[in-house]
Amino acid sequence: MEVLLRTPATVLRIGVLYRPPPSTENGLTATMFFNEFPILLERLAVASGHLLVAGDFNFHVDDRTDIFSSPACNVNDLCDQYDSELSKVVDVYAPLKTRFVISCPSALWYGEEIAAEKCKRRKLEKRWPKSGTEADKLQYSDQCSRVCKLLKSSKMSYYASLINENKSDSKVLFNTIDHMLHCKPQNHYPSCGSPKELRDKFADFFCDKIVTIRHQLDMLSTTEAPAFPLIDDAIITCELSEFSPTSKDELSGLVKKITAKSCSLDPVPASLLRYCIDDILPIIKSV
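Residue numbers (the UniProt record's numbering): 1 to 287.
All clues given are correct.
Per label pair, the in silico range of CB-to-CB distance:
#1 T259 <-> R99: 25 to 31 Å
#2 K248 <-> D56: 27 to 33 Å
#3 V92 <-> K248: 25 to 31 Å
#4 S157 <-> T98: 38 to 44 Å
#5 L51 <-> C263: 50 to 56 Å
#6 F174 <-> M219: 40 to 46 Å
#7 K257 <-> S145: 56 to 62 Å
Here are the simulated DSS-like cross-link-like pairs (lysine-lysine), alpha carbons at most 25 Å apart as the crow flies:
#8 K155 <-> K184
#9 K118 <-> K137
#10 K120 <-> K130
#11 K184 <-> K171
#12 K257 <-> K285
#13 K118 <-> K152
#14 K152 <-> K120
Hints in this document: simulated from the structure, not taken from any laboratory.
Computed from a prediction, not measured in an experiment: that's the story for all the values here.
Where a beta carbon is used, it is the ideal one built from N, C-alpha and C, also for glycine.
Build out the structure end to end from the sequences listed, making use of the hints.
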């Protein structure tokens, strides 16, 4: 939009510009803007009066670390920009929150039948104080006995099966017995006068072991036959003369085929990356 303000003393020409963010829908690119913007400035510059250009170009010129406005020139810096920008987006829309969760893993012998019977026992336990009848008391007592018998039979069946399956594995058998008897394993260390002395002995042992291995490697004769003749005596007859950059379609196909697994080092989860791959693909391709 262009506005002309005229006064008796001066003439002010105001140009207001807005550049929509590039996307696949509008087909706009930064190159198109930089090619057309100088033409507009040349036309406005030859006009009479003062000139004021304002607007929103959607360029993060104030942020040198932005991967869109200031992409790095080497692979390492590009990867750092990629990780930092994605991490910032995740922190804005999904900030890290701390929650305390009490983890109570179920025992291997605990099944759905036991859970159902315990739920039934809990209902009878609540009903009896309200009614106060002898019938509800007997039902609650019978249900308690049923749950105890079911727990005992389930434990016996589980441990009997575990022992029969591992007759020849003494380690599993001893661990099972220790677990049944609630015995905690004890660490047996060499006898030492103090923890500091024990620590120094461990450190000296591994340091001496490394020195011994290095000394033995140095003593090996260089005239002996190579350990890997197929590799050491291999004759290379081919060379990599050119490297063709990959395409967006090839990268998109590779990303969609891989398994969506993530780790704590990933800037965003793999499932989110696959969902937004069309928008992030140009950045990955530049890396």
